[in-house]
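Enquirer: My request is simple: use the sequences and hints to build the entire structure.
There are 4 protein chains.
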Amino acid sequence: MNKEVDLSKYQIRTDLAIDYVNENKELKGVKYKTEVVNGIKVTNVELELENELSKKKGKYITLEFEDVTDYKNRDNIISTLTFVLKKLIKPKKNSFGLIVGLGNDSSTPDSLGPLVVKDIIVTNHLYLLNELSSGYKRLAAISPGVMGETGIETSDIIEAIVKKVKPSYLIAVDSLASKSIERLNKTIQITDTGIHPGSGVDNKRKELSFESLGIPVIAIGVPTVVDASIIVSDTINFIYKNYAFNKEYMKDPKSKFTFNNVNYLSKKIKENKLDKEKLLGLVGTLDDEELEALIYEVLNPVGYNLMVTPKEIDFIIEKLSKVISISINNSIHNIDRNK
Amino acid sequence: MNKEVDLSKYQIRTDLAIDYVNENKELKGVKYKTEVVNGIKVTNVELELENELSKKKGKYITLEFEDVTDYKNRDNIISTLTFVLKKLIKPKKNSFGLIVGLGNDSSTPDSLGPLVVKDIIVTNHLYLLNELSSGYKRLAAISPGVMGETGIETSDIIEAIVKKVKPSYLIAVDSLASKSIERLNKTIQITDTGIHPGSGVDNKRKELSFESLGIPVIAIGVPTVVDASIIVSDTINFIYKNYAFNKEYMKDPKSKFTFNNVNYLSKKIKENKLDKEKLLGLVGTLDDEELEALIYEVLNPVGYNLMVTPKEIDFIIEKLSKVISISINNSIHNIDRNK
Amino acid sequence: MNKEVDLSKYQIRTDLAIDYVNENKELKGVKYKTEVVNGIKVTNVELELENELSKKKGKYITLEFEDVTDYKNRDNIISTLTFVLKKLIKPKKNSFGLIVGLGNDSSTPDSLGPLVVKDIIVTNHLYLLNELSSGYKRLAAISPGVMGETGIETSDIIEAIVKKVKPSYLIAVDSLASKSIERLNKTIQITDTGIHPGSGVDNKRKELSFESLGIPVIAIGVPTVVDASIIVSDTINFIYKNYAFNKEYMKDPKSKFTFNNVNYLSKKIKENKLDKEKLLGLVGTLDDEELEALIYEVLNPVGYNLMVTPKEIDFIIEKLSKVISISINNSIHNIDRNK
Amino acid sequence: MNKEVDLSKYQIRTDLAIDYVNENKELKGVKYKTEVVNGIKVTNVELELENELSKKKGKYITLEFEDVTDYKNRDNIISTLTFVLKKLIKPKKNSFGLIVGLGNDSSTPDSLGPLVVKDIIVTNHLYLLNELSSGYKRLAAISPGVMGETGIETSDIIEAIVKKVKPSYLIAVDSLASKSIERLNKTIQITDTGIHPGSGVDNKRKELSFESLGIPVIAIGVPTVVDASIIVSDTINFIYKNYAFNKEYMKDPKSKFTFNNVNYLSKKIKENKLDKEKLLGLVGTLDDEELEALIYEVLNPVGYNLMVTPKEIDFIIEKLSKVISISINNSIHNIDRNK
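Chains as they are written, first to last, in the numbering used here: chain S, 1 to 339; chain W, 1 to 339; chain X, 1 to 339; chain L, 1 to 339.
Hints are supplied without guarantee of correctness; some may be wrong.
[Said to hold, decoys possible] With a cut-off of at most 25 Å between alpha-carbon atoms, the simulated BS3-like pairs for lysine-lysine come out as follows:
| # | chain 1 | residue 1 | chain 2 | residue 2 |
| --- | --- | --- | --- | --- |
| 1 | L | 322 | W | 72 |
| 2 | X | 166 | L | 163 |
| 3 | S | 57 | S | 179 |
| 4 | X | 163 | L | 166 |
| 5 | L | 278 | S | 241 |
| 6 | X | 164 | L | 166 |
[Stated by the list, open to error] Residues of chain W placed beyond 10 Å of chain S at every Cβ, according to the derived structure:
| # | residue |
| --- | --- |
| 7 | 35 |
| 8 | 207 |
| 9 | 211 |
| 10 | 213 |
The set of hints was computed from the structure by calculation and includes no laboratory data. Cβ coordinates follow ideal geometry from the N, Cα and C atoms, glycine included.
Expert: What follows is the structure in structure tokens.
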């Protein structure tokens with residue numbers, strides 16, 4: 001309390017289902033479907049059992065895209081996200097939605113939720129006065145703040161408000177921590193399982209879910225920060241992939257000309273254990289989990305396991321929040337805006 | 001709903017007791033005391049009965065000062081306000097305070113409450129973990145937003161949170177509408193009667209008070225906006241006062257030299273009804289209430305009864321919020337900071 | 001210097017030509033034309049002589065509108081302003097524009113210029129690298145700050161930059177002080193005569209104009225603040241107009257039913273001097289200038305001649321800045337965006 | 001130009017001298033001195049020759065500290081930085097300083113310069129009116145923006161203003177890119193050699209220096225961002241250091257109890273090449289430059305060589321900017337403030 005700001009309080013929450021599931025693994029009780037819509041990769045994961053992913057059963061839909069600051073791309077993300085939300089929410093004539101913007105509006109990478117809430121077209125107060133225009137549904141929105149700034153468990157605030165105003169469903173928007181450098185700010189996850197802080201590490205926050213609140217809870221999350229240790233373990237893997245790719249690819253004399261333009265991560269390579277150990281020593285023999293654990297143990301005691309965000313985060317968050325608020329407005333109300 | 005922003009929703013709340021009471025009038029059931037502490041005028045009004053003021057019984061303490069952007073002045077306001085709050089709150093060892101920042105952080109003149117909350121040293125989450133440092137009391141803080149942005153009645157949000165987290169007292173900070181141009185941004189009112197939107201005009205918001213919440217409610221309010229009609233009626237009165245002052249004062253030949261430096265409002269003048277009518281015609285014969293009603297009727301139908309704020313409001317609100325947050329922190333926790 | 005912020009430094013600049021000219025007066029050397037385009041009233045004033053208006057000769061185009069926060073209205077203002085700017089700028093293939101955002105980004109009512117600059121699509125750096133996309137013109141933009149925050153005369157900064165980067169024309173965007181309550185935030189003035197601080201009161205800033213910079217200077221100004229004394233003198237005039245309107249109108253028995261819905265300012269009334277004196281005494285005998293002077297003398301010595309802005313200024317400035325930046329972008333570049 | 005925001009324009013500038021010099025290397029023409037003042041490590045590097053560091057000759061003073069958000073620490077940084085600046089600036093009675101805040105106020109990690117400028121006590125306009133209070137020196141300040149938002153080379157703007165207003169010295173404040181994870185937000189570099197974008201990578205911006213401007217130029221820089229590739233190469237080195245430390249340390253049975261509390265980076269270890277290769281394979285045989293080059297080549301083609309900043313950057317930048325603005329104000333004016 002000698003400090004004005006206890007930075008440890010600004011924790012970012014949870015992670016993505018698709019980091020645990022992929023096309024290569026076939027898992028019991030997991031339905032997996034992927035398609036590309038207007039350049040946006042949409043992945044549907046349906047967990048029918050609680051399982052080793054320590055993920056709850058339910059639907060996890062993930063949108064992957066390249067660059068949210070590109071105009072055309074943005075319009076595509078909006079139409080895809082609107083479509084996904086409409087299917088998931090299915091707002092009926094008298095349904096009453098509560099949008100919850102989780103996170104801290106004073107911290108750029110954690111401000112996604114509060115920024116989205118600012119742009120939601122709320123109507124509940126008009127509904128109560130019988131002044132709701134046709135085409136609009138009953139909607140309220142709140143930014144409960146973060147525990148480090150309120151001193152109150154965020155889920156307690158939400159629970160109390162839900163009990164009082166009795167919405168029929170809840171949509172929570174939040175910043176997430178990414179489990180891979182490739183997802184950072186390029187993924188939106190929508191799930192009907194709620195927000196599950198339990199899947200994070202030392203994050204004891206209570207969940208917002210059907211189980212805890214008694215109403216359907218949809219969570220929209222975007223990974224906006226990543227641990228330094230994940231950047232490092234991803235890169236160590238990339239070092240090997242790049243090496244293996246070059247080794248295989250360089251046999252072909254034609255490759256010389258196109259070499260620099262090729263994304264080596266997009267090609268499948270066969271792992272060669274001997275090669276990997278030669279290149280990376282004992283570190284090269286570790287599996288993903290062991291490598292992450294090693295790096296965590298190396299960075300943590302000296303205080304450098306920073307959680308980081310790209311330096312352009314202000315611009316990215318602004319675009320992401322517009323994409324999400326517009327999609328929520330369009331999917332609930334009977335409108336079609338793009339600003 | 002054709003508009004993005006329904007401006008009518010950004011209403012500012014309530015008004016000051018000292019606009020209804022003054023040294024000249026002696027009122028039944030009203031105790032009135034005024035003193036000057038370090039250049040700050042402190043007025044204590046105690047209403048022992050509900051009465052014609054349409055104010056609730058309780059204590060109303062008002063601090064009046066000249067310029068909150070002056071360094072030295074600010075330190076004096078902080079120490080006076082801290083003293084007043086300490087006396088009113090009397091925080092005990094185990095008391096648990098909830099600071100509520102009313103208003104809209106997106107609207108400068110209405111952002112006082114949310115800005116104060118940003119600087120409150122909250123400790124409730126540490127208390128619950130048994131990590132409260134010595135010298136600190138249990139404190140939480142929240143900015144519930146405004147109905148125009150949440151769609152939810154603000155008092156409903158507060159009520160729900162109070163019920164859930166069970167604070168032992170509540171302090172609400174809010175921007176007020178001024179009933180006189182002289183008070184604007186130069187007055188802080190502290191009262192133990194809560195926030196009473198009923199005293200405003202068409203403001204149907206429910207009150208936050210001991211009666212509604214079951215715990216002591218202290219309200220800290222600063223008038224940051226004023227109706228155009230009040231500016232006009234005040235000025236019409238000033239026109240007469242200036243005239244009367246000049247008439248009386250100009251008899252004295254010595255006055256010529258100091259004339260321009262004299263504040264004519266600081267001198268008491270005797271009203272001369274004939275003079276006033278000569279100067280201001282029928283308008284000069286109206287009493288204060290009649291004049292205000294006339295101006296309201298003239299400005300309202302043409303849409304010019306604007307609620308306005310000084311153009312320097314950004315700088316003033318910043319200073320006011322610091323003064324109040326520092327005073328709250330110092331009066332509850334056992335600390336003495338000035339930043 | 002005992003204060004952190006010298007508020008007197010945040011002065012707002014200049015005023016509108018249409019406050020001095022109107023359809024009723026015919027003035028030598030003044031061409032006057034007015035039309036309504038998509039609900040926007042467009043007034044063209046062309047001064048062919050320097051004259052008693054203390055306005056420079058040149059074109060003054062004024063857009064008047066009701067509510068900039070209304071979606072449809074906003075689209076109309078954008079298309080009208082784009083049309084006006086295109087005619088005035090006539091950007092040629094190789095012309096190089098410099099947009100200057102005057103004002104203080106820390107002070108909401110004075111932040112219009114800097115906010116507009118944030119949204120200008122600048123291309124000069126791309127032009128210099130031969131990377132200018134087709135459809136785009138060469139454009140730069142700068143916010144020089146205000147003297148109270150830089151310590152430097154703003155026109156000196158602009159002059160220095162113009163000399164260095166050599167644009168072929170300049171567009172300055174600024175907040176203005178309104179000379180009437182009716183114009184406040186409901187008027188955009190575009191002129192090819194530059195910014196003329198000389199027409200303001202005690203504002204010694206040097207002008208930005210063809211004469212001082214050697215290139216065409218277009219100024220876009222919006223009145224965002226108004227003196228308390230103007231609110232008062234306008235209202236005193238309204239009191240009489242309202243009285244005269246009622247007197248005339250109430251003879252007609254049919255009027256009883258529609259009375260409250262009629263805008264008395266929209267009807268022409270004949271002034272009756274005796275009536276006016278009866279209603280307002282000596283004050284009623286003053287002409288507009290005398291009345292303003294009286295009120296100024298009454299309010300100034302007691303410190304209440306505040307310059308004020310409506311309490312919704314944050315929302316209004318945001319919409320106004322979007323309207324202007326989009327119009328500038330669309331009129332210079334070969335694009336047609338509405339966000 | 002299909003994008004609204006060209007993120008590549010928000011580049012952060014230059015780097016630190018102490019990343020190239022250290023106590024272990026003795027370099028010709030380099031004076032090196034280090035001391036600890038109030039817990040702040042102060043390193044003085046004086047380059048007497050241009051040399052292989054590709055750094056200009058002159059003084060480089062570096063302050064290293066642990067946590068700028070700690071109150072007591074902050075006061076120590078302020079007093080040390082004030083002392084250093086006083087020695088370097090030596091402001092005379094009539095000297096006229098221009099503070100330049102480089103960077104982009106819309107991008108949190110790049111907003112340090114503009115934020116510092118907001119809090120500088122400027123006086124040049126008062127000096128020109130002969131209203132300078134005693135104790136204050138002549139001072140101006142400007143935030144020229146970034147080329148991506150102005151379309152103008154920033155050094156051109158500064159050069160033009162310097163030519164016009166003729167300051168006698170210039171202080172430029174800027175965000176830097178860090179060459180090591182350990183420096184990030186924990187270092188302030190002050191140099192009298194100006195800002196030298198030439199030492200950055202593909203950053204063609206012209207320098208601000210005595211050579212280009214004809215007046216002394218002091219640069220104050222804080223590394224606020226770091227390349228992902230540096231995080232990775234630092235961590236790979238830490239993996240080995242941690243391994244070597246454990247190997248040596250674990251022989252001692254007493255160590256078991258304190259093990260987890262020891263900072264392995266603070267102990268000097270002897271490098272064992274065989275061990276390093278065993279642990280890290282071929283990668284372990286690379287020297288620092290080779291390792292960085294490898295990682296750059298691995299991350300760049302797939303777009304993941306992000307420049308990143310800690311997720312708490314909003315809070316850190318706010319504290320850093322206060323520390324620097326207070327130190328500049330205190331070192332130039334004859335005042336001693338801590339807010």
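Enquirer: It remains to establish, for every hint, whether it holds in the given structure.
Expert: Outcome of the hint check:
1. 322/L x 72/W: 20 Å, holds
2. 166/X x 163/L: 16 Å, holds
3. 57/S x 179/S: Holds, because 20 Å separates the two Cα atoms, which is no more than 25 Å.
4. 163/X x 166/L: 16 Å, holds
5. 278/L x 241/S: 20 Å, holds
6. 164/X x 166/L: Holds, at about 15 Å.
7. 35: Non-interface label stands for residue 35/W: nearest chain S Cβ at 34 Å, farther than 10 Å.
8. 207: With a cut-off of 10 Å, residue 207/W remains clear of chain S, as the shortest Cβ separation is near 16 Å.
9. 211: 18 Å, holds
10. 213: Non-interface label on residue 213/W holds, nearest chain S Cβ at 13 Å vs cutoff 10 Å.
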